[in-house]
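Protein chains: 2
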Amino acid sequence: VDYRTSLGFVGLILKYLAAAPLFPTAVALYYGESPVPFLVTSGVMFGLGVALGRLRTGPELGNREAFLLVGLTWLVVPLVGMLPYLIAGNGTVAHPVNALFESMSGFTTTGSTVLSQISFERHPRSILMWRQLTQWIGGMGILVLMIAILPELSVGGAQIMSEEAPGVSIDKLTPRIQNTARTLWKIYIGFTVAAAGALYALNFLGLADMSFYNAVAHALTTLPTGGFSPEARSIEPFSPAVQWTIIAFMIVAGTNFALFWYAFSGRPEKLLRNVEFRSYLSAMVVVSGVLAVLLFTGLGLAEVPDAIPPLPGDVERSVRQAVFQVVSIVTTTGYASMDFNTWDQSTQLILLTAMFLGGSAGSAAGSVKIIRWYTIRKTMARELFTSVHPEAVRPVTFSEEMVDEETVRSVLVFTILFLTIFAFSSILIYLDSLRIGLDISAIEAVSASIATLGNVGPGVGVVGPMNNFLRFSAATKLYMIFLMWLGRLEILSVLVLFTPSYWRR
Amino acid sequence: VDYRTSLGFVGLILKYLAAAPLFPTAVALYYGESPVPFLVTSGVMFGLGVALGRLRTGPELGNREAFLLVGLTWLVVPLVGMLPYLIAGNGTVAHPVNALFESMSGFTTTGSTVLSQISFERHPRSILMWRQLTQWIGGMGILVLMIAILPELSVGGAQIMSEEAPGVSIDKLTPRIQNTARTLWKIYIGFTVAAAGALYALNFLGLADMSFYNAVAHALTTLPTGGFSPEARSIEPFSPAVQWTIIAFMIVAGTNFALFWYAFSGRPEKLLRNVEFRSYLSAMVVVSGVLAVLLFTGLGLAEVPDAIPPLPGDVERSVRQAVFQVVSIVTTTGYASMDFNTWDQSTQLILLTAMFLGGSAGSAAGSVKIIRWYTIRKTMARELFTSVHPEAVRPVTFSEEMVDEETVRSVLVFTILFLTIFAFSSILIYLDSLRIGLDISAIEAVSASIATLGNVGPGVGVVGPMNNFLRFSAATKLYMIFLMWLGRLEILSVLVLFTPSYWRR
Ligand SMILES: [K+]
Ligand SMILES: [K+]
Numbered sequence: 086v087d088y089r090t091s092l093g094f095v096g097l098i099l100k101y102l103a104a105a106p107l108f109p110t111a112v113a114l115y116y117g118e119s120p121v122p123f124l125v126t127s128g129v130m131f132g133l134g135v136a137l138g139r140l141r142t143g144p145e146l147g148n149r150e151a152f153l154l155v156g157l158t159w160l161v162v163p164l165v166g167m168l169p170y171l172i173a174g175n176g177t178v179a180h181p182v183n184a185l186f187e188s189m190s191g192f193t194t195t196g197s198t199v200l201s202q203i204s205f206e207r208h209p210r211s212i213l214m215w216r217q218l219t220q221w222i223g224g225m226g227i228l229v230l231m232i233a234i235l236p237e238l239s240v241g242g243a244q245i246m247s248e249e250a251p252g253v254s255i256d257k258l259t260p261r262i263q264n265t266a267r268t269l270w271k272i273y274i275g276f277t278v279a280a281a282g283a284l285y286a287l288n289f290l291g292l293a294d295m296s297f298y299n300a301v302a303h304a305l306t307t308l309p310t311g312g313f314s315p316e317a318r319s320i321e322p323f324s325p326a327v328q329w330t331i332i333a334f335m336i337v338a339g340t341n342f343a344l345f346w347y348a349f350s351g352r353p354e355k356l357l358r359n360v361e362f363r364s365y366l367s368a369m370v371v372v373s374g375v376l377a378v379l380l381f382t383g384l385g386l387a388e389v390p391d392a393i394p395p396l397p398g399d400v401e402r403s404v405r406q407a408v409f410q411v412v413s414i415v416t417t418t419g420y421a422s423m424d425f426n427t428w429d430q431s432t433q434l435i436l437l438t439a440m441f442l443g444g445s446a447g448s449a450a451g452s453v454k455i456i457r458w459y460t461i462r463k464t465m466a467r468e469l470f471t472s473v474h475p476e477a478v479r480p481v482t483f484s485e486e487m488v489d490e491e492t493v494r495s496v497l498v499f500t501i502l503f504l505t506i507f508a509f510s511s512i513l514i515y516l517d518s519l520r521i522g523l524d525i526s527a528i529e530a531v532s533a534s535i536a537t538l539g540n541v542g543p544g545v546g547v548v549g550p551m552n553n554f555l556r557f558s559a560a561t562k563l564y565m566i567f568l569m570w571l572g573r574l575e576i577l578s579v580l581v582l583f584t585p586s587y588w589r590r
Numbered sequence: 086v087d088y089r090t091s092l093g094f095v096g097l098i099l100k101y102l103a104a105a106p107l108f109p110t111a112v113a114l115y116y117g118e119s120p121v122p123f124l125v126t127s128g129v130m131f132g133l134g135v136a137l138g139r140l141r142t143g144p145e146l147g148n149r150e151a152f153l154l155v156g157l158t159w160l161v162v163p164l165v166g167m168l169p170y171l172i173a174g175n176g177t178v179a180h181p182v183n184a185l186f187e188s189m190s191g192f193t194t195t196g197s198t199v200l201s202q203i204s205f206e207r208h209p210r211s212i213l214m215w216r217q218l219t220q221w222i223g224g225m226g227i228l229v230l231m232i233a234i235l236p237e238l239s240v241g242g243a244q245i246m247s248e249e250a251p252g253v254s255i256d257k258l259t260p261r262i263q264n265t266a267r268t269l270w271k272i273y274i275g276f277t278v279a280a281a282g283a284l285y286a287l288n289f290l291g292l293a294d295m296s297f298y299n300a301v302a303h304a305l306t307t308l309p310t311g312g313f314s315p316e317a318r319s320i321e322p323f324s325p326a327v328q329w330t331i332i333a334f335m336i337v338a339g340t341n342f343a344l345f346w347y348a349f350s351g352r353p354e355k356l357l358r359n360v361e362f363r364s365y366l367s368a369m370v371v372v373s374g375v376l377a378v379l380l381f382t383g384l385g386l387a388e389v390p391d392a393i394p395p396l397p398g399d400v401e402r403s404v405r406q407a408v409f410q411v412v413s414i415v416t417t418t419g420y421a422s423m424d425f426n427t428w429d430q431s432t433q434l435i436l437l438t439a440m441f442l443g444g445s446a447g448s449a450a451g452s453v454k455i456i457r458w459y460t461i462r463k464t465m466a467r468e469l470f471t472s473v474h475p476e477a478v479r480p481v482t483f484s485e486e487m488v489d490e491e492t493v494r495s496v497l498v499f500t501i502l503f504l505t506i507f508a509f510s511s512i513l514i515y516l517d518s519l520r521i522g523l524d525i526s527a528i529e530a531v532s533a534s535i536a537t538l539g540n541v542g543p544g545v546g547v548v549g550p551m552n553n554f555l556r557f558s559a560a561t562k563l564y565m566i567f568l569m570w571l572g573r574l575e576i577l578s579v580l581v582l583f584t585p586s587y588w589r590r
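Residue numbers (our numbering), protein chains in the order written: chain D, 86 to 590; chain S, 86 to 590.
Since the hints were derived computationally from the structure, they do not count as laboratory data. Hints may contain errors.
Copies of the same chain are indistinguishable here, so a pair counts whether it falls within one copy or spans any two.
[What the hints assert, rightly or not] The list that follows gives simulated cross-link-like pairs (lysine to aspartate or glutamate, DMTMM-like), each with its CA atoms no further than 25 Å apart:
1. Lys463 - Asp489
2. Lys355 - Asp489
3. Lys100 - Glu145
Go ahead and model the full structure; you've got the sequences and the hints to work with.
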């Protein structure tokens, strides 16, 4: 492995990233806060970038070097990206483990937080904006990783992208990764601007009371399915119009971005007829429907004093709360428009189960992802068919396109691996919590495991959307940092680095 | 589907089974108990057998008819087999749902019980012997199903049997299913007699105080990895020598029976070099080792008044308790030599995790089974290798024999399906328990789910080895009856019956 070239490319990425802290610098200057944390970070990024860039031995990046590049990028960037938290030194996030947790949670677009108190009294506006920005940057990286890099490396069935939407393969979209990246980023930036604009425009219609700061901050974490918010109670304080707008953009954020390219090129049917897009929408409609009924009838609410005004009997509120939470969970965004810890166990378990779905493959959404479940369902049906018709040869198909068997197998292996790591992590988190005397239920531990491995963000109970991950031991937090990294890079591309055959010449 | 022929074969099986109740009849007469429950059951079996046998339209059993036969057999036999409990009318098992639960748990060799009080005061010795016998009969059926029928139908990777031990395929073992069955049963009966003889012989060496009744009763539920016991506290009351003897026979019971055929034909290396057998032994050695250390040091015990004499510091006792519980769980037998509810949460979670392993494929053991996990590990390694070497074509191999890709995929599909059904069932069991106000933890619900779907028997906590499944609602018990049936028949062979293409001509 030519690790020098991999490090060289990490350096190149850092050099570009050195521009990112300039945005919170401007925010700091506007609000009269200290710009030092960001200027230092920018300097470190650039300096380290130049130093690493020197290591590069050639212009070419081989297959193996790409794996190392991906793994290292999502380690080095969060490590440098935690500097503002450390330098600003406010609150819980001034502790190195917490700072790294928050930074990794940002760049992996997870959205789990260790801030005990989210408020402008406790943290400068510029720091909270940097926190939002880390997710937006992470989302950009993930899109390129998902659509341009992983399918090339054919890891964990990422190549399904090209199979399921015939024609949506890298070389067909645009001839080179750089061009693909540029196209995707244009769409991504366009949607981010649209989201910020839409949220802010609601003010002028009298439908919202949202500052420009908040409009930008939430646009920055909606498109990457991130879920961080500078508001302590997430999206709860905002008006119904704001919540519906965010729902719409979360749905966009969880859609395969390659399909938008077609839609904007005058071929919307490529999007509308896509099996992944349809399964994704159907899943959200079905789960939201069930939840809306449970909330409207009051069956899905715990018998504790509920939010005011109450949900039961209010159609708009019940539907909105159901849809918001379901879309937020399925797209693995992690925002909340109410504290679903006030819901019944059954309703919470529905949300917990939905965390395993995940959005579309070509988006920044995490978890298993809808297309893998769709592949599993198709493969199972084929398995049952060939049991009855052993003589039949029948490929797995997506809207009449054949999926090759290697891809099917990759999807199956990924899913088993994901579920196994999830289960082991749940047990580890649970036992370590018992060890430090943290009063946590098994379900809460399970939710913390999927929330981090699946890059969802919040879980239920003590790690619910209005709570945080601060209580866990440093060991568990470091382990969760590993889980976020592992899940974000689709597991297999990380595991590859730990095989002997990878390092052998 | 020629369902008449399937029913006809079920009739044939019932006619043979009509002989089974004659054994508890003899027990009843010996102890001066009523033989009526067994004579009636025998009569019903024979009558129903003759009636169904008339439906048969031909001597041939097709592929589809075989699926129906398998599914129906494990429904009809438990339904008829519950009659003795109903007719005897003693205790909790006199209720129809409980009687069916106990009967299904018997014939599927699960070993979960709904008897609230297991004692000769409450239940005739003949009834408790019938309960043991149902497991022994179930085990016979499972062996034939696993080694002779499922691999022919190639369901869920059952064909792995032939792959992993080159030459151990049906047609090579003996030319016809009847002959295979006869060979297997000879081995099975031989080991059962040996187990009963060994257990009883310990009396004469002064190493045990075990009645002939108990020796036979436990031999009948060891070989089928059943786990029922006429003793309320399972194997706890017996001497260390008895416990070690049962450990040995549990290990035998969880081994691929086809390999014994080779071993007894003068080719023991076929057994000793077999990858499945080696993985199976290694898994038990590793888990037992960890557990023994935890028990010996006292780290793995809860801080409650412990059993007397205490485990910590006693090497033989610690090792024996660790090995017994691990072997019992991995082979999915479900006996207990002590109440592991007195163990620490961490130690219990190790056992709970081990429930997913399962014994060897060609045995009566349930759950996922070692060979599937081995296949998954191999497939994952191959996946990682081909990610780095995309040009390489590399088959999955078991001791240098190639495993065909179709089998690999079947194994993967089965495992995902098993884990998914397990997860959903855990949630259902948990929610229904909350509904009826049963104070159950999520971990207990999870353990009840894997205990029934994996045909393990006991779980942890309220469904622990010295407890029972009586507290659950009738709805949950019926659902668990379904789970035992589904798990026992390797899931896919049941699901096939619910596909439209199965019923279409
Ligand atoms: K998220
Ligand atoms: K069992």
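Each hint tested on the structure:
1. Lys463 - Asp489: So lysine 463 and aspartate 489 pass the 25 Å test inside a copy (13 Å) and across (20 Å) alike.
2. Lys355 - Asp489: Result: close within a single copy only, 21 Å intra versus 36 Å inter.
3. Lys100 - Glu145: within (19 Å within a copy, 74 Å between copies)
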